[in-house]
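S.K.: Numbering (this note's numbering), first residue to last: 1 to 217.
Because the hints were derived from the structure by calculation, they are not lab data.
You may find that some hints are simply not true.
When the alpha-carbon atoms are kept at most 27 Å apart in a straight line, the in silico DSS-like pairs for lysine-lysine are as follows [claimed, not checked]:
#1 K198 <-> K209
#2 K118 <-> K137
#3 K137 <-> K64
#4 K64 <-> K215
#5 K122 <-> K137
#6 K137 <-> K215
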Amino acid sequence: MYQLSITSATSFVRTALDELSTVEEIGMLVDADAVNLQRLVTNSIIEAVVRTHQGASSVLIDGKIGVLNEDYTAELGENGVITITMLQDTLRVASLQAGDSSVVVSDLVPENSAEGRKQLNKYVRGVSDDPRVVLQKRWSEPYRPVMKYYSTQEQTCPEMTLEYVPYPFLDESVVLICHQLEYAVLNELTAMILDSVKEQDKAAIYRAKSQAIMKGE
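Let the hints inform the model, and build the full structure from the sequences given.
M.R.: Pasting the structure below:
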């Protein structure tokens, strides 16, 4: 994952503000004192990371390779269904693959969706060569999702390869993000700063840039 610093983020936002035709007006609040701008960035960056990473296309998501019983647990239940429970605060699960399958699952299915309900029928649910991963409505703890993998033919729980994005936090003024979402985060952050100074029209420009990146455009 990529380390995005508050210093780099503040520099990006400052450059964006300087490019605006109304920078003199905006500058009265955020540009006259660098500390004030940095404070705004610090207060907003986690939310910007959460927004972009939750909404981004799965092909743009990379993360940390989970370690069994440290980052997650995996338990084989009836009819080949594997229950995976995150042990670490998680923003998003990037991918799952069972050892008996060549298929990597990147898009999780909500439990209350039609596809999620279909997994309850053993005759039509996912199988090892066409698996599904259902995100449960009830999590073990806040930010710690529970998933069901449909399904394995193994009699014991196969090895699972799980990649996930840890829930973001600032550590020595640095936050971890997905490599391909750096500019999505920075543009969303700029939009949030502009929103905070009531420049919604300008904010919309940067939010559109962020959303285009999130879609892989």
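S.K.: Run every hint past the structure and note whether it holds.
M.R.: To see whether the hints hold, each was checked on the structure:
1. The hinted pair formed by K198 and K209 meets the criterion: a straight-line CA distance of about 19 Å does not exceed 27 Å.
2. About 15 Å separates the Cα atoms of K118 and K137, which keeps this hinted pair within 27 Å; it holds.
3. Proposed proximity of K137 and K64 is supported: the alpha carbons are some 23 Å apart, at most 27 Å.
4. Among the hinted pairs, K64 with K215 is consistent with the structure: their alpha-carbon atoms are about 22 Å apart, no more than 27 Å.
5. Between K122 and K137 the alpha-carbon distance is near 20 Å, which keeps this suggested pair within the 27 Å criterion.
6. Among the hinted pairs, K137 with K215 is consistent with the structure: their alpha-carbon atoms are about 25 Å apart, no more than 27 Å.
Checked against the numbered hints given earlier, the structure satisfies every one of them.
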